[in-house]
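Visitor: Since the structure of chain V is already known, use the hints to place chain X on it.
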Amino acid sequence: MSFAASERSAPYWLAGPALLVFLGLVIIPLGMTVLLSFYDWGQYKGIVPEFTLKNWIEIATDSYFFEVFLRTFRISILVTLACVLIGVPEAYILNRMSPGWRSVCLLVVIGPLLVSVVARTLGWALLLGSNGLVNQGLMALGLITTPLEFMFTETGVVIALTHVLIPFMILSVWASLQRLDPQVENAAASLGAGFFTIWRRVILPQVVPGILSGAIIVFALAASAFASPAIIGGRRLKVAATLAYDEFLNTLNWPLGAAVAVLLLVALVLIIVGSNRLVERRYAQVFE
Amino acid sequence: MKRNGALALVFHLAFVVFMLAPLAIVCIVAFTPEGYLSLPTRGPSLRWFKAIFGYPEFLRAFYDSLWLAALSSTIAIGLAVPAALAIARYRFPGREAMTALFMSPLMVPHVVLGIAFLRFFTQIGLSGTFTGLVLSHVIVILPFALRLVLAASYGIDRRIEHAAISLGADTMTAFRRVTLPLILPGVVSGWLLAAINSFDEVTMTVFIASPATVTLPVRMFLYIQDNIDPLIAAVSACLIALTAGLLLALDRLYGLDRLFVGSGKG
Chain V
1 MSFAASERSA PYWLAGPALL VFLGLVIIPL GMTVLLSFYD WGQYKGIVPE
51 FTLKNWIEIA TDSYFFEVFL RTFRISILVT LACVLIGVPE AYILNRMSPG
101 WRSVCLLVVI GPLLVSVVAR TLGWALLLGS NGLVNQGLMA LGLITTPLEF
151 MFTETGVVIA LTHVLIPFMI LSVWASLQRL DPQVENAAAS LGAGFFTIWR
201 RVILPQVVPG ILSGAIIVFA LAASAFASPA IIGGRRLKVA ATLAYDEFLN
251 TLNWPLGAAV AVLLLVALVL IIVGSNRLVE RRYAQVFE
Chain X
1 MKRNGALALV FHLAFVVFML APLAIVCIVA FTPEGYLSLP TRGPSLRWFK
51 AIFGYPEFLR AFYDSLWLAA LSSTIAIGLA VPAALAIARY RFPGREAMTA
101 LFMSPLMVPH VVLGIAFLRF FTQIGLSGTF TGLVLSHVIV ILPFALRLVL
151 AASYGIDRRI EHAAISLGAD TMTAFRRVTL PLILPGVVSG WLLAAINSFD
201 EVTMTVFIAS PATVTLPVRM FLYIQDNIDP LIAAVSACLI ALTAGLLLAL
251 DRLYGLDRLF VGSGKG
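Protein chains in written order, with this note's numbering: chain V, 1 to 288; chain X, 1 to 266.
In short, the hints are calculated from the structure, not lab data. Treat the hints with caution; some may be incorrect.
Quick partial rundown of chain V residues pointing at chain X, CB under 10 Å, derived from the structure [claimed, not checked]:
1) W13
2) P112
3) S116
4) G129
5) L191
6) F195
7) G257
8) L264
9) L265
By construction, the Cβ of each residue, glycine as well, lies at the ideal position given by its N, Cα and C atoms.
Next comes chain V alone, as it looks inside the complex (with noise of 0.2 Å):
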């Protein structure tokens, strides 16, 4: 009897602590920068804790932040869609090496993962920038007259963003892969299907539950990906990100910057829970 109690209240005593932990930060504060996002706030007055649609209204009305968040969104599409061109390939063939290879190979894959975001985005300013070795090297080549323009702008920020997430894609899909019986592509093979058939038919309907929870992660952490487009995009360059840190820290209108946080997390969690659930039901079979 004393024993089947204990067993029935040992995983609240052992994951107490930490639930404990999760209640008081986690439920906490996010409830209280939803509360924030209502509170009115004056030049000169701060924040007052009165119940107020202020912040809400200006961001529904005023188009610059319409635009801020249509451009956090058309640079997070636009990274995922280089991240499954480059990363869904990239798998396959750090798929098809020799076991010591691919060890190799997977430390480039994972290594910058592991390397700061601010380092690695710095690199990429040195590279874009309208004297960097981008630009010099299509200069040479004679593809290009004038220096393109790479800083401070989308393109930039979406080269340096696909180089911060294609590991996430890549790891994705190359788990997938991992699942794949070789045996049923060199099936196919003998059957006469060429290499484009084997891709389209066999290979590519088994990876693209793979394919598709990677998209979803590189798309959740684009838009709301912080450094890489504050030293990319600039001042001028607004995200999503970007826009609620200003409003916090350089205009210090808390309640309008939680306001923006709470737009774009609310937005995140209909667009990551929305395509979950699309993904478990249209590929439920190849779950099972």
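Guide: Then chain X, alone, in the frame of chain V:
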């Protein structure tokens, strides 16, 4: 399995260049002898590496970051091990919701968490303190620790532990002598991954760091916002070298494919 064709190898080579180019350029520029950003055409110089010692704020931020990573990942693993055992072994009401809550920092943008912590710490008087930094880092790195400990906990046979208890060991002894050694690889790699993530975190930390307590990535970020010069390239090059060393050690000790894909060999 078939080999990669020539086209595949060209693609792979271009990809490797793409991945390594930004890291390589930082390391190369760091060796410039000039006073401005340039490639070291007149031969490499250690001038800018020596210059780092003239900026004690970088060194202090580095030690603060190390200390913060060690402390917060230790607390996170201390919370994650019992929580993982609860989730892996028991079926109880609220189990799914609890797991989702513990994993939520992966889904909530770090900007939002930074804002939430800034607001919360300002209200309770922890704003700008090292304690605040540690608490917030514990939250964002716990999912990494939990995931690896969970993966290790699912695999173990509970009958071994029951055997220890039936032989007279109390619960604590059984955990210490039987369970813990079995999940140790997961605990160690979970701690390490958590520490790395804490050390690299910049988006959330930039909101709650104060001039008195600032981490290295935040210090670098604020510096780059003002100007980009060979000094910051030298600091970044040191960071890249440190990470590369750690990565090689990790690969030797544990295997990167196991750490990140969770299905490697051995």
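Visitor: Is the hint on G129 (chain V) kept, meaning its closest Cβ partner in chain X is under 10 Å away?
Guide: Since the shortest Cβ distance to chain X is 8 Å, the answer is holds.
Visitor: Hold the hint about G257 (chain V) up to the distance rule: shortest CB distance to chain X must be less than 10 Å.
Guide: holds (7 Å)
Visitor: Regarding the hint that F195 (chain V) lies at the interface with chain X, is the smallest CB-CB distance below 10 Å?
Guide: Hint on F195 (chain V): holds, closest Cβ of chain X at ~9 Å, below 10 Å.
Visitor: With chain X as the partner, please determine if L265 (chain V) meets the hint condition of a C-beta pair closer than 10 Å.
Guide: Holds, because the Cβ-Cβ distance from L265 (chain V) to chain X comes to roughly 5 Å (cut-off 10 Å).
Visitor: Identify whether the interface hint at S116 (chain V) stands, where standing means a beta carbon of chain X within less than 10 Å of its own.
Guide: With Cβ-Cβ at 5 Å, under 10 Å, it holds.
Visitor: Is the interface hint for P112 (chain V) satisfied, with its Cβ closer than 10 Å to some Cβ of chain X?
Guide: holds (6 Å)
Visitor: Can the hint on L264 (chain V) be confirmed by a CB-to-CB distance to chain X that is less than 10 Å?
Guide: holds (6 Å)
Visitor: For the hint on L191 (chain V), just tell me whether its beta-carbon gets within less than 10 Å of chain X.
Guide: Given a least distance of 15 Å, the restraint on L191 (chain V) is violated.
Visitor: Does the closest beta carbon of chain X sit nearer than 10 Å to the beta carbon of W13 (chain V)?
Guide: holds (8 Å)
Checked against the numbered hints listed earlier, the structure breaks hint 5 alone; every other hint is satisfied.
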